[in-house]
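Here is how the chains run, residue by residue.
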Amino acid sequence: MSYYFVIVGTEDNPLFEYEFGTSKAGGDGQARFPEQARHMNQFIVHSSLDIVEEVQWGTGQMYLKCVDRFYNNYVSCFLTGGNVKFMLLHQPPSSSVSSTANNPRSSTSTIATNPTSPQTEEAVRAFMLEVYESWVKTIMSPFYRVNMEVRSPILRQRVAAAGRKYL
Amino acid sequence: MSNPQAPRDSAKEQPGLRYPTNGKTIYHRPLNRAKAAELSGASFAYLFSEMVSYASKKIESIQDLEKRLNVQGHPIGLKLLDLLLYREPARSQTRPLTIITLLHFIKINVWQHLFGQAADGLEKSSDASKPDEYMIIDNEPLVNRYISVPRDMSQLNCAAYVAGIIEGVCDGSAFPARVTAHSVGKQEEGEMWPGRTVFLVKFAPEVMERESFLGKG
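Each protein sequence line maps, in turn, to chains D and U. Note that UniProt numbering gives residue 24 to position 24 of the first sequence, counting from 1, and the numbers run on in steps of one. Note that UniProt numbering gives residue 87 to position 87 of the second sequence, counting from 1, and the numbers run on in steps of one.
So that you can see chain U by itself, here it is in the shape it has in the complex (with noise of 0.2 Å):
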């Protein structure tokens, strides 16, 4: 802090593994990227499973193993978040002032980013007394595609992963929220999707209160 233009010439020189021998870092890539490149769902899926296993080791609950996977999302979404403004074209470059404009932009950016189509919905909790909760709904989520989960652990849903990036939007946004993961295929509307995911977004009461007042003025 005190001395803030240290001379650090001297880094270009050092081999090692810290400087790439061909001289291109990370800021020598392009942040956006041609429209069609896709990932392979295979590799994803056994990614996805090593995580999933990774994060079941020494738990006691299945909140613990949500927990843990939605810990590992959380920062993707703080990174997602800038990255998709970025790609923005200049005029719609704004941040979410509102909470809609935030649950909007994670059911279609975000959305559409990840798994390459847009949520299939967005529900404000009708519960009156629960005015700070709000529901995505994806019908299949992508990251259950290729998971069974064992009649023991009937509680849990993969798509706590997800919940944490949806969580990061939202913290990076300054709109700090509870995200949880459930599903609802069981249900009576949920015949025709057994997979059928419901995040429960649940904004922290400062959120409300900011929102109430932003909306009077």
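Chain D with its partners taken away, still in its complex shape (with noise of 0.2 Å):
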């Protein structure tokens, strides 16, 4: 499974951006998105974000789940207090394409193969929650203003951590 995430702004602007792989079942932590089709992530993301608009008003939760779907391509949301998103794409490895979007039921239900479990939506809701916590203290730091990038190594350390551990 390969994941890209990044942290959308309040005027649809990334704030951080970081793609990792899963760490689980022997996963080395490296994205593995097809070369061709890379650049496409940040599209798919960004035509997510209209759903997501929609979908914040039914519900008052901050982990809004899987949201979006473009193919192989799933994209779960995580929406803070201050209308920031935290968009998680994940991409189960090519070779089991046939299988989960057949039958998502009888397919194993480990996180690496099957998006729409319960199992998998458990874990990226873990993920989300560290990422919150770090995204706090943040924008806790009196020289961050609403919408700026986030460039904090630290960030990145802890966003990469948190998906080792859950992802």
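Hints in this document: simulated from the structure, not taken from any laboratory. Be a bit skeptical, because a hint or two may be false.
As the list claims (entries may be wrong) - In silico negatives: residues of chain U with every beta carbon more than 12 Å from chain D:
| id | residue |
| --- | --- |
| 1 | R29 |
| 2 | A37 |
| 3 | S40 |
| 4 | G41 |
| 5 | S53 |
| 6 | Y54 |
| 7 | K79 |
| 8 | F115 |
| 9 | S125 |
| 10 | P131 |
| 11 | P150 |
| 12 | M153 |
| 13 | Q155 |
| 14 | V198 |
| 15 | F213 |
Stated by the list, open to error - Partial pick of chain D residues on the chain U-facing surface, computed with a CB cut under 10 Å:
| id | residue |
| --- | --- |
| 16 | I51 |
| 17 | M62 |
| 18 | L79 |
| 19 | A123 |
| 20 | S134 |
| 21 | T138 |
| 22 | M140 |
| 23 | L155 |
| 24 | R158 |
Note that CB positions come from ideal geometry on N, CA and C, so glycine has one too.
Put the complex together from the two separate chains, hints included.
Laid out in structure tokens, this is it:
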């Protein structure tokens, strides 16, 4: 499974980006997006923002679960109180495309193979909550103003650690 | 944007102001704090008086001064919103969806955090032509405790700073609003509380539109 994580500000501007792969089931933590489709990730996530803005008024929960799907790409969203969106695009390895796409129920329910299983949703929730903690710390900095790009290497480390831990 | 994972390993070795020598950054500090942790009122009063005198330099009108105080408070509201939501227990950790839940959050959580007590009142404008106006009432704003307003600036209410904080919370949670502070201590019901202040929250038209739409669905 490959992941693309981005924090999107209130004006649909990216504030932070990070690409990583699964560390579960013997994964090495490297993203394996096909080279010719890697640049599409940003477009896919951007197109999901519209759906997020519809879903966000239906529930007060911060974690909106999997909001959108584009072929083999699944987009999960977590919305902070300040309307900053954490978007996580996950893409299962292409070898298992046919089995997950056709019958998600019967396929094995490990995180790596089934992006819509409850286990995956829980793992993503735990990941998002950990990032949220770091995010609140980021915005508590008196020098941080709304919609500023985040360049802190520490936040990057924290996000990477959360990714290793849960995904 | 093109290269999101540029190597940043060299950051640790650079000495200087950018990286603290003990390696502790804002990310190493806890977000939760003990219940009784209060700050000194005297030092706040001193800081706030400096803020007001800073804001009152080269101003043309009282509105100018209030506007500047409002701008100083605004980012605090944005930050408080997420901090206080983060501190909520997981079950009630929800974003405010309606005007009422948002104002309730401000009246209880924000006030409790800033001033150690809930606000004294929350009212909807009784004027039927202004359904977009709400009032948060504080009988004795903490920020005004040591402020005496000169007679020639009698319209001034330094709680404009708190109004800015409220505005920040509203704007942050996607309820754009204008918030202003008004002294009502001299009116009939204010006799007991000479410092009584009303924070008038006027929501933007799109908020009202969405509110009526959500109410139906």
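Here is how each hint holds up against the structure:
1. Chain D draws U/R29 into its interface by the beta-carbon criterion, the shortest separation being 7 Å against a cut-off of 12 Å.
2. Interface exclusion of U/A37 from chain D stands, the closest Cβ pair being 15 Å apart, more than 12 Å.
3. Every CB of chain D lies more than 12 Å from the CB of U/S40, the least distance being 19 Å, so the non-interface label holds.
4. Here U/G41 stays apart from chain D, with its beta-carbon at least about 21 Å from theirs, past the 12 Å limit.
5. For U/S53, the shortest C-beta to C-beta distance to chain D comes to about 20 Å, beyond the 12 Å cut-off, and the non-interface label holds.
6. Non-interface call for U/Y54 relative to chain D: holds, since the shortest CB-CB distance, roughly 16 Å, exceeds 12 Å.
7. Not every C-beta of chain D lies more than 12 Å from that of U/K79, the closest at about 5 Å, which undercuts listing it as non-interface.
8. Taking the minimum C-beta to C-beta distance to chain D, about 20 Å, the non-interface status of U/F115 holds against the 12 Å cut.
9. Every Cβ of chain D is farther than 12 Å from the Cβ of U/S125; the closest lies at roughly 24 Å, confirming the non-interface assignment.
10. Every CB of chain D is more than 12 Å from the CB of U/P131 (nearest about 20 Å), matching its label as outside the interface.
11. Separation of U/P150 from chain D is adequate, the least Cβ-Cβ distance of about 31 Å exceeding the 12 Å criterion.
12. Once the 12 Å rule is applied to beta carbons, U/M153 is consistent with being away from chain D; the minimum gap is 29 Å.
13. Here U/Q155 stays apart from chain D, with its beta-carbon at least about 30 Å from theirs, past the 12 Å limit.
14. Distance to chain D confirms U/V198 as a non-interface residue, since its nearest Cβ pair spans about 26 Å, more than 12 Å.
15. U/F213, annotated as away from the interface, has a beta carbon of chain D within 12 Å; the closest lies near 9 Å.
16. Interface restraint check: D/I51 against chain U, minimum CB-CB distance 16 Å, threshold 10 Å, status violated.
17. The interface hint given for D/M62 holds, since its Cβ lies 6 Å from the closest Cβ of chain U, which is under the 10 Å cut-off.
18. Below 10 Å, beta-carbon pairs count as interface contacts, and D/L79 has one with chain U at about 7 Å; its hint therefore holds.
19. Restraint check, D/A123 versus chain U: the minimum CB separation of about 16 Å is more than 10 Å; hint violated.
20. Checking D/S134 against chain U by beta carbon gives a least distance of about 6 Å; that is within 10 Å, so the hint holds.
21. The interface hint given for D/T138 holds, since its Cβ lies 7 Å from the closest Cβ of chain U, which is under the 10 Å cut-off.
22. For the restraint placing D/M140 at the interface with chain U, the shortest Cβ-Cβ distance is roughly 6 Å, inside the 10 Å limit, so the hint holds.
23. Evaluation of the D/L155 hint against chain U yields a held restraint, the C-beta minimum of about 7 Å falling below 10 Å.
24. Interface hint status for D/R158: upheld, as the beta-carbon distance to the closest one in chain U is roughly 6 Å, under 10 Å.
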